[in-house]
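**Q** For the sequence shown, our numbering assigns the number 224 to the initial residue and increments by one for each residue that follows.
Heads up, some of the hints might be wrong.
Cross-link-like lysine-lysine pairs, in silico, PhoX-like; alpha carbons within 25 Å at most [to be verified]: (1) 711 to 768; (2) 728 to 836; (3) 730 to 696; (4) 836 to 730; (5) 468 to 593; (6) 476 to 492; (7) 496 to 696; (8) 803 to 846; (9) 696 to 768; (10) 499 to 468; (11) 496 to 485; (12) 730 to 846; (13) 768 to 728; (14) 468 to 836; (15) 846 to 593; (16) 437 to 696; (17) 846 to 768.
Quick caveat, the hints were computed from the structure, so don't treat them as lab data.
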Amino acid sequence: MGNLEVEKDRLGFDSKRYTTLLFVCSIALPVSLMIIIMYQNQLFDLTGGLAKPAKSRNVTASNADSKNDSSPPAIIPDGRLHNGNLPPGFGNGTSSENNSSRHTNGTDKQLNGTMAPGFWIESGSRNDSSGNDTSSKNNSLPNTSGPDEKQLNGTLAPGFRKESGSRNYSENDSLLNTSRPNVKHRNETLAPGFQKESGSRNDPSQSNIMPGDKFLDGLLAPGFDERSCSSRYQSFLFRKTSLHKPSSHLLSKLRRYEDIHKRCGPHSKSYHKALKGLRSSHASRGGCKYVVWIPTNGLGNRMLSMAATFLYALLTNRVLLVKHGADMANLFCEPFPNTSWLLPNDFPLRNHFGSSKHRYAHSFGRMINKSITNTSMEPPESYLDLNLGLGGYDQLAFCDESQALLQQIPWLILLSDQYFVPSLYMIPSFNQEIRKLFPEKETVFYHLGHYLFHPSNQVWGLITRFYQAYLAKADERIGLQIRVYHDKTTPYQTVMDQILDCVLKEKLLPAVADTQEPPPPPSRNQTSKAILITSLYSEYYENMKNMYWTKPTVTGEVISVYQPSHEEYQHFGDDMHNMKAWADIYLLSLCDVLVTSTWSTFGYVAHGLAGLKPWIWQMPRNKNPACQRAMSMEPCCHFPLTYDCKTRIEVSAATLLPNTMHCEDRKNGLKLVDEHGELLL
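Using the sequences and the hints, build the whole thing.
**A** Structural data, given as structure tokens:
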């Protein structure tokens, strides 16, 4: 025992020193461990902790928004690596064991002012995208934000877009699945079905939006209920970016008209006041004036005459009301905000529309005839019937002095199946105004059609389902509109031969190889074309489908053939028939190339909405050439004004107005052409 005490005194080992040694070791060991970890793992961050390792290089920032991804994405803390660069496939994000949002550095000095392909700019909004699991009601921490847009020099690489910062931006994204190959940029536009990428190319759940403007460069007014009419603000997703921009004068004119229609539309105080004057049979000065459109003939004729009547309403400050019967009840959305263009069912003159005797008794032509034979002019009536589809005295409505008289009539009941826009140009008081509204002469129907005609939700479903299933993935879409007027006297094979002669000679479609040798192996650069056939009959579809199925093409292109419907004959008074017809017209307008039939108003509407100059195939009796290219994308007016109001004699319509020509498919018809009449491809 004495020896032990001597040894303790020699070593100086007491309880206080032992406690001090243990305390130093408890500090030194964790510090040493942290230094070792920092040396071995350079992803360590004292403020963010250790990041969970990424399982795949294909994980993108958009994975955080995917509803199909049940596991949280692996994100690098602060969105950066130790060397200040992000590898392909990663975006700025957050990391937390509890899936709570952690604020990250929004600067992007490490990117040196550029972004690698596959990245998008986050808006920093908690509502960004639908289904973002990184934010919750209980989360008060700020969301992550992407690099400052200024550091990108104001540009993004082709194929990418900026996030809107709102959950609503992705509502329309699911319309198109754009997994198509070989996206080709042409003049900064993409073909229908292509969209610029918004996120990572490796994320199949991330839908993409095509560049464009859902308001069509201001043509459409905001503020509509998007659910009641999906097509109004979704149509741009299916079309190329338009090169035809509406004029500022047209936009201001449309906004003023919308105000007038809201003030004077059905069930307004001004409307009921105007009805009192109508029932009294005496014209009242001041107040709202109306033009009531009455349908006649098929859907193509109706749409053309509605567009022309709307232009007349714009020029005369009248309110357009349309009588849509049961066969048009489910075709179109309301075109004007916060009001209706439909003629109310209790309109006093509804029962007289079908009586030709009553219409003539109150017709403009009869009034003009009476004024010629009787020098004493009767007091203006409260309404007049105006038939612009026939000749006679009614065509004098296109004379300037007649317009002064018509301005005194509060209600005009207009019946026409014609696109009478060229005749409106002939009225001097209208001419300059129309030129200001449409500096591009050939865009009248293009702009008015896109403003007025929005497919109803039911028709839009027919259109989008067919397009996505059959047309979206093709590199090019060829529309063939085949209308045969005398099917019993026109052999089917004669029509088929002439159509094939047209598309092959114009190199719109490839020929098939007349050989039994096996086709060459498919190539990665192999292109595909989808043929859309619209016809009352199925024989043309069956013939062309079998031709491209049984034999290979000489070019190696892959050809597919589709037909949405074949009704066998034209149904009148059938709403479902008209819905299918409207879907066919709209699908044709989404094609890249069109071949249409002679005299067909159905085809006129399709190429007018498409903004294309179609090839028009001639009737079988005119076999050479099989078809010819239209000089204008404007529809043809089959029965234009032929009366010279100055000389009071009958003349050729084309001599009355510059920038017009006789139609390719109707010698007596008239259509508007470009300023110099050249063919603009």
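**Q** Now, for every hint given, state plainly whether the structure supports it.
**A** A quick look at each hint next to the structure:
no. : hint       : verdict
1   : 711 to 768 : holds (24 Å)
2   : 728 to 836 : holds (17 Å)
3   : 730 to 696 : holds (21 Å)
4   : 836 to 730 : holds (16 Å)
5   : 468 to 593 : violated (46 Å)
6   : 476 to 492 : holds (23 Å)
7   : 496 to 696 : violated (55 Å)
8   : 803 to 846 : violated (31 Å)
9   : 696 to 768 : holds (18 Å)
10  : 499 to 468 : violated (42 Å)
11  : 496 to 485 : holds (15 Å)
12  : 730 to 846 : holds (17 Å)
13  : 768 to 728 : holds (19 Å)
14  : 468 to 836 : holds (17 Å)
15  : 846 to 593 : violated (49 Å)
16  : 437 to 696 : holds (22 Å)
17  : 846 to 768 : holds (23 Å)
Violation of the numbered hints given earlier is confined to hints 5, 7, 8, 10 and 15; the remaining hints are satisfied by the structure.
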